[in-house]
Amino acid sequence: MAKKEYAFYPGCSSQLKASAANYLVSTSSMCKTLDIKLTPIPDWNCCGASISYAGGSELSRLVLNARNFALSETHLPGQDMVATCAACWLGARESKEKLDTNAQLRADANEALKEAGLQYQGKTPVRHMVEVLIEDFGYAELGKPVVKPLEGIKFAGYVGCQTNRPFGIAGESFENPLYLDKLVETVGGEAATQYEQKVTCCGGALAFSETEKSQKQIKDIVESAYDQKADMIVTPCPLCQANVEVYQSEINKKYGTKLAMPVTYYSQLMTVAYGGSTKEAGLDGHIIQPTKLQEIADKPAPAKK
Amino acid sequence: MSELNTSTTEKYHNNFLREVEENVEEGEWVKMCMQCGVCSGSCPLGAHWAHPPQELFMMIRAGKREAVLSSDSMWMCTSCYNCVVRCPRKLPITGIMHGLASYANKLGMAPKIQPTRDFSLQFWKNCTRTGRVNELRLTLGLYFNDGLMAGIKKGWAMRNIGLGLLKAGRLNPFELFKGHSCKDQQGIQAMLKKAAEIEARRKHSTH
Chain P
4 MAKKEYAFYP GCSSQLKASA ANYLVSTSSM CKTLDIKLTP IPDWNCCGAS
54 ISYAGGSELS RLVLNARNFA LSETHLPGQD MVATCAACWL GARESKEKLD
104 TNAQLRADAN EALKEAGLQY QGKTPVRHMV EVLIEDFGYA ELGKPVVKPL
154 EGIKFAGYVG CQTNRPFGIA GESFENPLYL DKLVETVGGE AATQYEQKVT
204 CCGGALAFSE TEKSQKQIKD IVESAYDQKA DMIVTPCPLC QANVEVYQSE
254 INKKYGTKLA MPVTYYSQLM TVAYGGSTKE AGLDGHIIQP TKLQEIADKP
304 APAKK
Chain H
41 MSELNTSTTE KYHNNFLREV EENVEEGEWV KMCMQCGVCS GSCPLGAHWA
91 HPPQELFMMI RAGKREAVLS SDSMWMCTSC YNCVVRCPRK LPITGIMHGL
141 ASYANKLGMA PKIQPTRDFS LQFWKNCTRT GRVNELRLTL GLYFNDGLMA
191 GIKKGWAMRN IGLGLLKAGR LNPFELFKGH SCKDQQGIQA MLKKAAEIEA
241 RRKHSTH
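The listed protein sequences correspond, in order, to chains P and H. Start counting the first sequence at 4; every next residue gets the next number (my numbering). Start counting the second sequence at 41; every next residue gets the next number (my numbering).
Derived from the structure by calculation, the hints contain no laboratory data. The reader is advised that the hints may include incorrect statements.
In silico SDA-like pairs for lysine to any residue, Cα to Cα no more than 25 Å straight-line [unchecked claim]: (1) H:K130 <-> P:E175; (2) H:K104 <-> H:R169; (3) P:K20 <-> H:K152; (4) P:K295 <-> H:G204; (5) H:K71 <-> P:P169; (6) P:K219 <-> H:R169; (7) H:K152 <-> P:E61; (8) H:K71 <-> P:K219; (9) P:K20 <-> H:R101; (10) P:K219 <-> H:G81; (11) P:K126 <-> H:C222.
Values in this document were obtained by computation on a predicted structure and should not be read as measured data.
Looking at chain P on its own, in the form it has when it is part of the complex (with noise of 0.2 Å):
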């Protein structure tokens, strides 16, 4: 039997060949080693994001949470829930204090959730991977498997908006987070203590809509990234991720700027730290290749002594 076992709420971007699967790829690797066994919650939904709202009125959006939490709780009884994905965590964990907390609301996301044969109880919490690893590992034990110490790349931890707030990480601060920069020493990379953008919002979903105006905040936290002298960018955000990556070469175009900053997670140090390959760490999914992490992947595990 596994360590640990978690109901996985993997969200849209995490599925195979959609924004993020190379998180995907790499949770799952970094989870094997330490033994953590995540079972989808069977047929998931989307969590509605954060934009939905001029859409989807208050209780639509709050039905779609509480079925996944339904479905958790019908199929996967007694196991926490858990998100990678900065959003889905943030709209599970935001619908579920509505549940839990107002009646009316919950009598009336049931007489919905009906129609599908399903009823939310309130028994499931909803949790980001990030805290599994802090609360129910810690940093000690998270640091063990370690075979490759990520030796020679210095991270700026972008923690970003949603894992970061509303809710955070329990005993961080809003405005400075220390999570990541000690997820990145655990692994044995060096981490950029003094980036200042740390909690800067990417845009989040106006990357879609007001390009400029996120575009210009993503110039900024890259170029923080640089102004520490960092090899690159390290975030628990599949939208972070997606965001600072890939319009970097628009801001080039747009500001005749250099830019070329990879951007990682959390989850692909760990795993390359494991001894997993370039593959298994999903680093074959950047556009920005993120080399000297791959450098590291490449290298033979030294033998145990």
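Got chain P sorted already, so can you dock chain H onto it with the hints?
Showing chain H alone in chain P's frame:
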């Protein structure tokens, strides 16, 4: 003016604050604002709001209905929650902004050309169609929002990003025909239909 807008205006006369409290998601919080301005100073897109949150709250109290609901401002919210965690009165400002935007849209008072509104509507339609987001259709839908030629132009401008994602295994061209989806689509549609019915019923009983 839409019919709903006319009937709502008649009902609340000049009491826009009460209208917001009764109709806008999280609207009951508006009166708690103490006008410190931390929200406005904390917003990443703050410079682009004609009326930052603090100002919108005062305008609601001052009965500036038309100016608030037809404003572009709340559509600038990126859902970063910076204002929420800094607000000394703990107002759920992000939620209030979404609520105001949604209400303005419902009344037909939102600006006609508002890219975030369009994206929001498309996102909801997209994710509830099969239960899961079809990223390719979502992106293309946005490009082609202003017509065929504009779409082709935008698609061409972004071709390198698209090809990059394709090469990286993060974009599936076949999603155009068949994307990711939930199995129980019927159940999802039925439950969303029911949710709409319940909301209509509640509306009716409180009015």
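How the hints compare with the structure:
no.	hint	result
1	H:K130 <-> P:E175	holds (18 Å)
2	H:K104 <-> H:R169	violated (37 Å)
3	P:K20 <-> H:K152	violated (35 Å)
4	P:K295 <-> H:G204	holds (20 Å)
5	H:K71 <-> P:P169	holds (21 Å)
6	P:K219 <-> H:R169	violated (33 Å)
7	H:K152 <-> P:E61	holds (23 Å)
8	H:K71 <-> P:K219	violated (34 Å)
9	P:K20 <-> H:R101	violated (49 Å)
10	P:K219 <-> H:G81	holds (17 Å)
11	P:K126 <-> H:C222	holds (23 Å)
Hints 2, 3, 6, 8, 9 from the list above are not met by this structure, while the remaining hints are.
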